[in-house]
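Respectively, the protein sequence lines represent chains A and B.
Sequential numbering from 1 applies to the first sequence in the working numbering.
Sequential numbering from 1 applies to the second sequence in the working numbering.
These are computed hints drawn from the structure, not numbers from a lab.
Be careful, since some hints might not be right.
No farther apart than 30 Å at their CA atoms in a straight line, the calculated lysine-lysine pairs in the DSBU-like style are these [as the list claims (entries may be wrong)]: (1) A:K87 to B:K164; (2) A:K188 to B:K281; (3) A:K203 to B:K134; (4) A:K275 to B:K308; (5) B:K281 to A:K271; (6) B:K124 to A:K267; (7) B:K125 to A:K260; (8) B:K125 to A:K68; (9) A:K271 to B:K124; (10) A:K68 to B:K175; (11) B:K125 to A:K267; (12) B:K125 to A:K133; (13) A:K87 to B:K175; (14) B:K134 to A:K87; (15) B:K124 to A:K349; (16) A:K133 to B:K164; (17) A:K68 to B:K164; (18) B:K124 to A:K133; (19) A:K133 to A:K87; (20) B:K124 to A:K68; (21) A:K87 to B:K281; (22) B:K281 to A:K267.
A short list of chain A residues far from chain B (calculated; beta carbon distances all over 12 Å) [what the hints assert, rightly or not]: (23) S107; (24) R119; (25) D126; (26) E264; (27) L266; (28) K271; (29) D293; (30) I334; (31) Q362; (32) I414; (33) V448; (34) H452; (35) L476.
Here a beta-carbon is modelled for each residue, glycine too, at the ideal position from N, C-alpha and C.
Now for the letters of each chain:
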Amino acid sequence: MAAVTRGSFSALRVLLTQQYRRRSFRPQNLRLSRTEPVPSRWATSLQTSCSRTLHTAMARHRPVVQFKLSDIGEGIMEVTVKEWYVKEGDRVSQFDSICEVQSDKASVTITSRYDGVIRRLYYDADATALVGKPLVDIETESASELSQEDVVETPAMAHEEHTHQEIKGHKTQATPAVRRLAMENNIKLSEVVGTGKDGRILKEDILNFLAKQTGAILPPAPLFQEIQTPGPAPVAAPPLSAPAGVRPPPATPRPVFTGKDVTEPLKGFHKAMVKTMTAALKIPHFGYGDEVDLSRLVLLRSELKPVAERRGVKLSYLPFFIKAASLSLLHFPILNSTLDEGCQNITFKASHNIGVAMDTSQGLLVPSVKSVQLLSVFQVAQELTRLQALGAAGQLGTAELSGGTFTLSNIGSIGGTYAKPVILPPEVAIGALGKIQVLPRFGPDGQVKAAHIMKVSWSADHRLIDGATMCRFSNLWREYLENPASMVLDLK
Amino acid sequence: MLSHLRGTFCVLSAGVQRAWSSSSCLFMDPSSPGLVLQSQSTDVFQNLALEDWIDAHVDLQQRSILLLWRNRPAVVIGRHQNPWAECSLPAMRSAQVPVARRRSGGGTVYHDLGNLNLTFFASKKVYDRRRNLKVVTDALRRVRPQLDVQATDRLDILLNGQYKISGTASRLSRKSSYHHCTLLHSADRSAIATLLRPSCPGIRSNATPSVPSPVANLTDHAPSLQWEELLEAVVQQYSSEFGLTSASRCVDPADEVLFPGVGSMEAELRSWEWTFGKTPKFRVETQLELRDEQPVARCSAELQLEVKNGLVESCRVEVPAAWLPERLSASLAQALLGERFCPHRAAAALSALLRCESGPLHGRLRNLCDVLVAAMG
């Protein structure tokens, strides 16, 4: 491994030397050998390019380069600009994508040759761009970034990049400024982890690498000067506190939080939910909770599960809860009603369209199983499977999502026991089912036994429904579930 | 030579598969300037990801590569096209045919197992699409000399001067290029008619349009031409044109050891943001027919939508005020803003909104919602 990197570094040096020779304004006496000291003039100019604050104060001339659209090949003279990846004012590095152009079924990505800031886009999207004419103006960071070459990529340029690839065995991308920085600090690019696009090595990566090596932080961070206690102490001051800006090693650095608040407007579905929930909380809610012993239902389901599977349907507990709710609504139709806007009239809905709250990638959606009063438990299970598949695929339509008259929310499938569900207008009641837990309960013989207990929390509209009604409805529902055989008595 | 090649064909033609331990063995072999690969996968996203991987990671200055692949039924649109305009998304949902956006330009094609895809990878210096198509036409002429196949100026290949059997698209990056084309061996032409039509009416866009042409399968005119025979002919012709010495190899596009990073490329190609979010800005302008059941009444409304990056940027629904108050139709239009241009997303937002609006106009509002959702494909 060492042999490879050493060899590669000398080849890199050769490459860089070639580049520098081509640029005529480089000082001729620059020597880039590994062991000799770097000329001080170069070191100072390098430090200015390291520290951004100093750089802007230098008042250097920043040339604006016209980046022309290079030859696409096949004699093509014009292309359509399809998509811009940058806009005016954006900072780009060499090899960043600038735009996509299309010509004659060929889609071409144009990448930047320079580091700098985009100052002007010559075309809008869908406009026709001409080969050889300016595409963008880039304000480069320093004169040294400029290439004196012709716009069309010469074989020499391609050869250089190719040589570079061969050395590394994989593409290591870094701009000339970054390479210079690495060279001057005797850093092997292959040892630096690139954090830029495609693993490109940025200036920050070189600086971090340096900081790790020497234990110092460059440039000096004003934050840490506060840690040093002011005032003379009789104890010998640690030697490291003497030079300004170098922190004492034992102190752990205070983490600098660079996160920012992000604000985005509420749109579409979320905005609609805001309206729905605001309308919902205008309804005076009252809550009622109870627990249900599902031990017998658990047994029944385990017997019926293979039967349902043979028919191609996965049987969970929810179809039983839904059917029991419908059977109970037959005795308490006021829970399946709706109040009109002026609170003048109540409409008793004939059909039990029981909504099932679903957590999807979009958020909370409540498709409903229509006319449960006409369906058997198996048919409810079938319909539920269909709705769950649609929900998972993000394909629920208005037919499924509207028309509900009563809702059950099986939040227990995710977790939780008691809840305080919010009624979904225009309905008047909702139930939230907690998870089924095995808990100790006293049996009829006074002995403790394990029971499958589920908690249920109902909410109802107190303008229409009183506590006693809700309680009796809940008791009836609970009886059906605690003794599933009784559902057989009321089958139609 | 023929029997040696036959032994190395894989799922593309049901044969023996060879495993390669690392991509460097595969791609760094200096002895051969050309390499033929065959993909074992028939998943369109995996194969497109493999193309991307080779384009990004292989040094094409020294060698050229031919990749042969085919897909289970899928519709592939060009980089700058509009999927809603090019194919019927509802029909594709029920047929379970996915839509994929490739990175090269050009028009929409329907892929199935009777369509052979060829991708010619080369450096930008030797990018020559006519030479690549010549490989295909020469191969066809060698196995079936009676077939009249010609490449046109538009880089299609025509059979008997009128039926298109191959379409071309290509992509040029910083240093590399690839040119891929289809070749219709025995594809299902009826599916093309059902699936390649617009999803919803009234789309106005500047996206690259597809140019429809009459197509034919090679087997329509040369019924005895077998799939394996076609593959062998193409590989042989490529070998003689580009100076290949080693045999063709089977690769698995999902193999992360051979192609590190190909999984994330595949995930990007599958994502909604790539397939739909990359659509150039477009407008939808259409009439909506509204109706009441009791008493029976009708009304026309106008819908104008602008979609940018696949999301609804602006929406106007103009319903006569006598039918529905402007406040209600405006609130429906508002609910669609910022959502994906997708009938299901619209259904979720509109259903949530419908809950807040009860009253005598609820039926008409519900009807408007249904019609709006239907207008989105």
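Okay, the hints, checked on the actual structure:
1. For the proposed pair A:K87 and B:K164, the alpha carbon gap of about 41 Å is over 30 Å, so the pair is violated.
2. At roughly 46 Å between alpha-carbon atoms, A:K188 and B:K281 are farther apart than 30 Å, so this suggested pair is violated.
3. The hinted pair formed by A:K203 and B:K134 fails the criterion: a straight-line CA distance of about 48 Å is larger than 30 Å.
4. A C-alpha spacing of about 25 Å is found between A:K275 and B:K308, which places the hinted pair at or below 30 Å, so the restraint holds.
5. Distance restraint check for B:K281 and A:K271: the Cα-Cα separation of roughly 24 Å lies within the 30 Å cut-off, and the hinted pair is therefore satisfied.
6. Proposed proximity of B:K124 and A:K267 is contradicted: the alpha carbons are some 45 Å apart, above 30 Å.
7. As the CA atoms of B:K125 and A:K260 are separated by approximately 46 Å, the hinted pair breaks the 30 Å bound.
8. Our distance criterion of 30 Å between C-alpha atoms is met by B:K125 and A:K68, whose separation comes to about 19 Å.
9. At most 30 Å may separate the alpha-carbon atoms for a hinted pair to count; A:K271 and B:K124 exceed this at roughly 50 Å.
10. Restraint check for A:K68 and B:K175: satisfied, since their Cα atoms lie roughly 17 Å apart, inside the 30 Å limit.
11. Taking the CA atoms of B:K125 and A:K267, the gap is about 49 Å. The hint is violated against a cut of 30 Å.
12. For the hint linking B:K125 to A:K133, the alpha-carbon distance of about 21 Å falls within 30 Å, and the restraint holds.
13. For the proposed pair A:K87 and B:K175, the alpha carbon gap of about 24 Å is at most 30 Å, so the pair holds.
14. Between B:K134 and A:K87, the direct Cα distance comes to roughly 41 Å. Violation of the 30 Å bound is thereby established for this hinted pair.
15. Simply put, B:K124 and A:K349 have alpha-carbon atoms about 70 Å apart, too far for the 30 Å limit, and the pair is violated.
16. Among the hinted pairs, A:K133 with B:K164 is inconsistent with the structure: their alpha-carbon atoms are about 36 Å apart, more than 30 Å.
17. Between A:K68 and B:K164, the direct Cα distance comes to roughly 37 Å. Violation of the 30 Å bound is thereby established for this hinted pair.
18. Between B:K124 and A:K133, the direct Cα distance comes to roughly 20 Å. Compliance with the 30 Å bound is thereby established for this hinted pair.
19. A C-alpha spacing of about 19 Å is found between A:K133 and A:K87, which places the hinted pair at or below 30 Å, so the restraint holds.
20. As the CA atoms of B:K124 and A:K68 are separated by approximately 18 Å, the hinted pair is consistent with the 30 Å bound.
21. The suggested pairing of A:K87 with B:K281 holds, with an alpha-carbon distance near 17 Å, which does not exceed 30 Å.
22. At most 30 Å may separate the alpha-carbon atoms for a hinted pair to count; B:K281 and A:K267 meet this at roughly 19 Å.
23. The non-interface label for A:S107 is inconsistent with chain B: the shortest C-beta to C-beta separation is roughly 4 Å, within 12 Å.
24. Look at A:R119: its CB is around 22 Å from the nearest CB on chain B, clear of 12 Å, so calling it non-interface holds up.
25. The non-interface label for A:D126 is inconsistent with chain B: the shortest C-beta to C-beta separation is roughly 5 Å, within 12 Å.
26. Interface exclusion of A:E264 from chain B breaks down, the closest Cβ pair being 9 Å apart, not more than 12 Å.
27. Under the 12 Å C-beta cut-off, the non-interface status given to A:L266 relative to chain B is violated; the minimum distance is some 8 Å.
28. The beta carbon of A:K271 sits about 7 Å from the closest Cβ of chain B, which is not more than 12 Å, so the claim that it is off the interface is violated.
29. Under the 12 Å C-beta cut-off, the non-interface status given to A:D293 relative to chain B holds; the minimum distance is some 34 Å.
30. Even its closest Cβ contact with chain B, about 17 Å, leaves A:I334 beyond 12 Å, as expected for a residue assigned away from the interface.
31. The claim that A:Q362 is not at the interface with chain B is violated, since a C-beta of that chain comes within 12 Å of its own (minimum 6 Å).
32. For A:I414, the shortest C-beta to C-beta distance to chain B comes to about 20 Å, beyond the 12 Å cut-off, and the non-interface label holds.
33. Distance to chain B confirms A:V448 as a non-interface residue, since its nearest Cβ pair spans about 46 Å, more than 12 Å.
34. Even its closest Cβ contact with chain B, about 34 Å, leaves A:H452 beyond 12 Å, as expected for a residue assigned away from the interface.
35. Residue placement check: A:L476 keeps its beta carbon more than 12 Å from all beta carbons of chain B (closest about 27 Å).
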